[in-house]
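Colleague: Chains A and D are the protein sequences, given in the same order.
Using our numbering, the first residue of the first sequence is number 99, and each one after it goes up by one.
Using our numbering, the first residue of the second sequence is number 49, and each one after it goes up by one.
Here's a subset of chain A near chain D, in silico, CB distances under 8 angstroms, partners left out:
id, residue
1, D237
2, Y238
3, H240
4, V241
5, S243
6, D251
7, K255
8, R338
9, W339
A short list of chain D residues far from chain A (calculated; beta carbon distances all over 10 angstroms):
id, residue
10, E58
11, S95
12, I117
13, K161
14, R162
15, S189
16, I274
17, V277
18, D293
19, S305
20, D322
Simulated from the structure, these hints should not be mistaken for lab results.
Backbone N, C-alpha and C fix where the C-beta goes; we use that ideal spot for every residue, glycine too.
The residues making up each chain are set out below.
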Amino acid sequence: MITLVAIFSVWEAVSLLGIVSSDQLPPLHNVLFTLVQLGGTPFFMARVGQSFVNVAAGVSLALVVVMPLALLVGLRNQLDEAITPIIMLVGALPDLAILTVLVTVIGRGNVAAVAISAFSAFFPIYFTIRQGVKEIPQDYFHVASVFRAGRLDTFSKIILPSIFPNFLTGLRLSFEFSWNVLLAVEIIASVAGIGSFISNSIQGSSHSMTYGLAAIMTVGLLTVLMDRAFFERLEQRIKRWR
Amino acid sequence: MAVDNRLHVEFSNVTKVYSEPPRSVTALNDISFQINEGEFVCIVGPSGCGKSTLLRMIAGLDSPSSGEIRFKGNLLTAPHPKISMVFQTFALLPWRTVLENVAFGLEVQNVPKRERENTARELLGMVGLKDSENLFPKQLSGGMKQRVGIARALATDPEVVLMDEAFSAIDEFTAEALREEVAEIHAETQKTFLLVTHNLPEAIELADRILVLSARPARVKSIVPIELVRPRSPTASDFVSIHKDIFSLLQAELEASIMRRRLGEIKEFQKLRDMEDR
Numbered sequence: 099m100i101t102l103v104a105i106f107s108v109w110e111a112v113s114l115l116g117i118v119s120s121d122q123l124p125p126l127h128n129v130l131f132t133l134v135q136l137g138g139t140p141f142f143m144a145r146v147g148q149s150f151v152n153v154a155a156g157v158s159l160a161l162v163v164v165m166p167l168a169l170l171v172g173l174r175n176q177l178d179e180a181i182t183p184i185i186m187l188v189g190a191l192p193d194l195a196i197l198t199v200l201v202t203v204i205g206r207g208n209v210a211a212v213a214i215s216a217f218s219a220f221f222p223i224y225f226t227i228r229q230g231v232k233e234i235p236q237d238y239f240h241v242a243s244v245f246r247a248g249r250l251d252t253f254s255k256i257i258l259p260s261i262f263p264n265f266l267t268g269l270r271l272s273f274e275f276s277w278n279v280l281l282a283v284e285i286i287a288s289v290a291g292i293g294s295f296i297s298n299s300i301q302g303s304s305h306s307m308t309y310g311l312a313a314i315m316t317v318g319l320l321t322v323l324m325d326r327a328f329f330e331r332l333e334q335r336i337k338r339w340r
Numbered sequence: 049m050a051v052d053n054r055l056h057v058e059f060s061n062v063t064k065v066y067s068e069p070p071r072s073v074t075a076l077n078d079i080s081f082q083i084n085e086g087e088f089v090c091i092v093g094p095s096g097c098g099k100s101t102l103l104r105m106i107a108g109l110d111s112p113s114s115g116e117i118r119f120k121g122n123l124l125t126a127p128h129p130k131i132s133m134v135f136q137t138f139a140l141l142p143w144r145t146v147l148e149n150v151a152f153g154l155e156v157q158n159v160p161k162r163e164r165e166n167t168a169r170e171l172l173g174m175v176g177l178k179d180s181e182n183l184f185p186k187q188l189s190g191g192m193k194q195r196v197g198i199a200r201a202l203a204t205d206p207e208v209v210l211m212d213e214a215f216s217a218i219d220e221f222t223a224e225a226l227r228e229e230v231a232e233i234h235a236e237t238q239k240t241f242l243l244v245t246h247n248l249p250e251a252i253e254l255a256d257r258i259l260v261l262s263a264r265p266a267r268v269k270s271i272v273p274i275e276l277v278r279p280r281s282p283t284a285s286d287f288v289s290i291h292k293d294i295f296s297l298l299q300a301e302l303e304a305s306i307m308r309r310r311l312g313e314i315k316e317f318q319k320l321r322d323m324e325d326r
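Put together the whole structure using the sequences plus the hints.
Modeller: Structure representation (structure tokens):
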């Protein structure tokens, strides 16, 4: 908190004293004022919403595909040996290069945005869940067998709670990844969203740097809020027993 | 103590072979014995001899390569509702409270919540953990964890309780207290208990009979009835003499197995040398 105040004071001072021209670094109070103003602008909020929906859709899509795959691979070693090397290979491909291909094929639109954020969300979830399943102690499965738990109970009462901490880590990483990649997508491919808003502002008229910085801070705030409101809370629940 | 003579668990010519290509390893070799209802039987043998495999077969976690295991005359091929198990690692589910852990077996059998929680509470009282039902396993000591493990095993009202090295991950003081409690539970409930252990005094303290296995591939070396009056003191002279007898049995077995292995090595060596000579 103190560091934050210090950084902001330096920023304000540098800008007000004219060390850096206010076109390049607008004073903090202007940015904050714009931030609040933007918060009340339907156009801007629609852009933010658009980006958020794209990320959420991408991550959800990835989850639907990855969850069953990662679970199977975690439980069956032979399947793991067959599939994981391929996935590692695909994961090594650069997200943004794939984006260029995608945009040429399906055009610059929400579909491309969702597809690329799903792609970047895929890997963190895959590897964390796979690891989580592999780390389930064999004795937990023995407990399930001895008490004759059915497949569904074994899944919902042994496997799912066992991997929940890993699942949470994976989801968190995926969200961060996806969010970053999506902003890049929006900027590079001019897909409507907060990313394109930022690049348009910065490349636009003179005092628009203020808008750009305000929009960037909005992204930061959103990420922190999301973390606090959602992930931190779930993590606290795990900490009770972990 | 009166022991009912009804046949409960029966092994007939059970052999277990693990095939790990290109070799196959015989873990259990032609094992036959009978356990009566209400008996407390301890299984001892050199480490790695397959004692635990034997127990896991009764639990339905493993199956014999040949021969058969019967429970009350019926062939055992899968986990049986009247056979329950206590694990060396405790195997408590960390995200469940003590109460939820004890109720697990009833829960997966769809026993209504109220009913299974009442049963679980009753058993927690029995193992002295009445006030801990809302704690998570990480908040418990090793001894307390195993109490939960024992309560969980009893919650489904089994006729046979299998204990796999149930006291070996607990400090000796706590383990001794827990053994005494298990002996009491056995006396009260008249359930059949089977304990696999490498701790000979523990076996002598608890068992009606001790099954001594040989080194791998395990055979039944001897079945020793323990007729000492309970509670048993490890310092009493008859306790000590039984200990000495079984100990020398095990020691002889261990030496024999070492000799067998050496002989095997020598043969292997000779084979190699012959090949080189050629």
